[in-house]
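**Student:** Chain residues, written in single-letter form:
Number of protein chains: 2
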Amino acid sequence: MTEKRHVFVLGAGFGGLTFCQQFKNRGALITLVDRTNHHLFQPLLYQVATAGLSAPEIAQPIRSILSRDKNITVLLDQVVDLNLAQKQVILETKTLSYDYLVLALGGRNNYFGHHEWETFAPGLKTINDAVRIRSRALLAFEKAENTGSTAERARLMTIIIIGGGPTGVELAGAFAELANHVLKRDFRNIDPRQAKIILVEGAARILSHLPEDLSQSAERQLKRLGVQIRTGIQVKDIRRGEVELANGEILRGENILWAAGVSATPLTQKLGVELDRAGRVKVNPDLSLPGHPEVFAIGDMALVLGEDGKSVPGVSPAAMQMARHVARIIGDELEGKQNPRTPFKYWDKGTMATIGRSKAVAQIGKIKLTGFIAWLAWLTLHLIFLIGFRNKVAVMLDWTYSYFAYKRGARIITTMPRESEREKPKSA
Amino acid sequence: MTEKRHVFVLGAGFGGLTFCQQFKNRGALITLVDRTNHHLFQPLLYQVATAGLSAPEIAQPIRSILSRDKNITVLLDQVVDLNLAQKQVILETKTLSYDYLVLALGGRNNYFGHHEWETFAPGLKTINDAVRIRSRALLAFEKAENTGSTAERARLMTIIIIGGGPTGVELAGAFAELANHVLKRDFRNIDPRQAKIILVEGAARILSHLPEDLSQSAERQLKRLGVQIRTGIQVKDIRRGEVELANGEILRGENILWAAGVSATPLTQKLGVELDRAGRVKVNPDLSLPGHPEVFAIGDMALVLGEDGKSVPGVSPAAMQMARHVARIIGDELEGKQNPRTPFKYWDKGTMATIGRSKAVAQIGKIKLTGFIAWLAWLTLHLIFLIGFRNKVAVMLDWTYSYFAYKRGARIITTMPRESEREKPKSA
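Protein chains in written order, with the working numbering: chain H, 122 to 549; chain L, 122 to 549.
For chains that are exact copies, the list does not tell them apart, and a pair is met inside one copy or across any two.
Below, a list of computed lysine-lysine pairs in the DSSO-like style, where the Cα atoms sit at most 27 Å apart:
hint	residue 1	residue 2
1	K305	K125
2	K264	K215
3	K191	K264
4	K246	K403
5	K403	K466
6	K191	K317
7	K513	K191
8	K391	K215
9	K264	K125
10	K145	K264
11	K513	K145
12	K305	K191
13	K264	K208
14	K305	K145
15	K403	K431
16	K215	K305
17	K125	K191
18	K489	K470
Source of the hints: derived by calculation from the structure; they are not laboratory data.
All chains, please: the whole structure from these sequences, using the hints.
**Tutor:** Right under this line is the structure:
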């Protein structure tokens, strides 16, 4: 009996998880490391931030997803360092050796050198981010209800979203609907419909990865919801409750959200290989690291050029396709197959962004969809790919409920110790 | 047109909320103040702590529940002080006057003078408490999986629950099921079934408010789940991860939970009226404050003696009955009816405690139920009284799923900044 080979996977996002699921029963041991205990269905994270879904509906315990495969060990741990020369991963609690290493650590918010902006304009990456954003946004309406000052009320009821990509568009649309419909009847001193949602985008149009007519359609649909769109203008500075634009104009709002860019985990800087400006690893065509055929990088942390010379987008289908590709290569090699490694090819299944109830844009191959049809397609696809039977049913239930009742199921403020929690058992 | 009278309600628990719902359309203005934005279905809070339900499933926005009644204003605010002489409530953001005041601020954990224990043995009162307990309990299993030390593993896998009332019993049963069934297959280095759940109770038996045979049944059912029960012994001290019993024995466990007692909010000390040891207000038979016929105290903060001379228990049906009683009195008086105030009479509809899947005890009048039948009764009643249509369906779905799949839907660790969150975007 030969000793089993050890495949180490870092990160349980779409890339890491798909790798584990595809790599089943090949006689190697897999160790999957993540710093959280759950796989997050990131495409629906904005729905938690906007009170549409509850956190557990889009997060599934990693152990539970993979519990049946006894070859897979899941570790809740942090990667401290990598020693590629010794083929070792240094975790917080231990150091482990690998035969193959799959890096799937994803990205984090990119503030383009302005880390100080993070405090004032949080981004949306984790469940905690989403719950915090939800609490702060709902709390702003509560504060507006309590204040006597008209100017302060307007400031409290303004949400500024920086970045007009899919996340920014989805956040803007969902917050506009929250204010216009869900909260409409709930207050006595304020009219939530007077809330101002401002979407700021540096490029000439929002959703610039989509064809121009779809961008225009998205813009129209957002404007119908009352969203103010500012395109073609850069952000110069962000301070507490203030965004300064390149032309000196100052936007004021209690909630500022960052959706303007993603960069790879800083761990890539330790790999000693070439990175792009966003810190992504310039991988070989087979997705391996230059000089390290036993190490692969997939998903948001990998820079892969497609046949058109453009980089493969940082979306979940791309991460999953890369995972399958690498699972095949490592699987074949462990089985002793001698066939040369094939280059990765990205199959673009289409892109979509939802804007609100019955509103969306989608491109699937040459087909372009807008409005209700695009929204139905969006709904269906997200339900299909949501992991876990219970989640699908629960999310469907919540969506049906929101659709017909114009309410949302997760409108609770779970105050955060740092900012919004008041002193504890004083009273009330 | 006469000016509208102002009824001020503090607290949106079962008492305060029921008051508002019963008091509809009587021509008075109601202001309801709570320091959270949601009404919490407290009887199911332990299910959030033990990963059975998600937070939004048992919390409903107060505004949303009451949005249709335009006479009711909901304020998210904190009560700082009361001025009974001037008939004023001093909130954090403003001071308001009342004609009638209903105090329904509920209770908080009673550490019997040992406030320092709260850090080491948190109680279960708010959504945040529940989410924090869930995260810490799940994290302990993760740490156990990572450790190499047998002693440390045993310590990590021990949960000590102090207090053998309904909450303690429910927590013990639910954690035992989590370890025995839900997590069973998820780990590689540890066997979650070896987790130790210890229930400590100072009195001679658990659930001492129920008849002895039901206590015994509950004890048997808990033992069948592997719960260790220590009755008739007091806790002498609690330190980080350690409980010292009166006999000097020391219990060690990563998670210690406090379910041993409830006291009224400290605000009662400012009322200038007689309180019992738990800080509850000794109200008049009509539930008004001695010397203040326009002020009422209801729910957990009121000490009301029943016909048998025993105090009315601090349970939600009692709070709701008191709310109805006070709503009737104030309503009548505002309509100018001259009939004298009637004394409050508590109608005991029964008590129940659930122990786990198909396990419970219940007493309804003279009928005693145990096991599956009691559990079904528990399930049905809690579903009926859960506020909001969506919640009912979602909770039913989750229960059905847990029952058949032996899984739980909310097993996610949402790390808390203070303790368990590791440094943020280091890696993984």
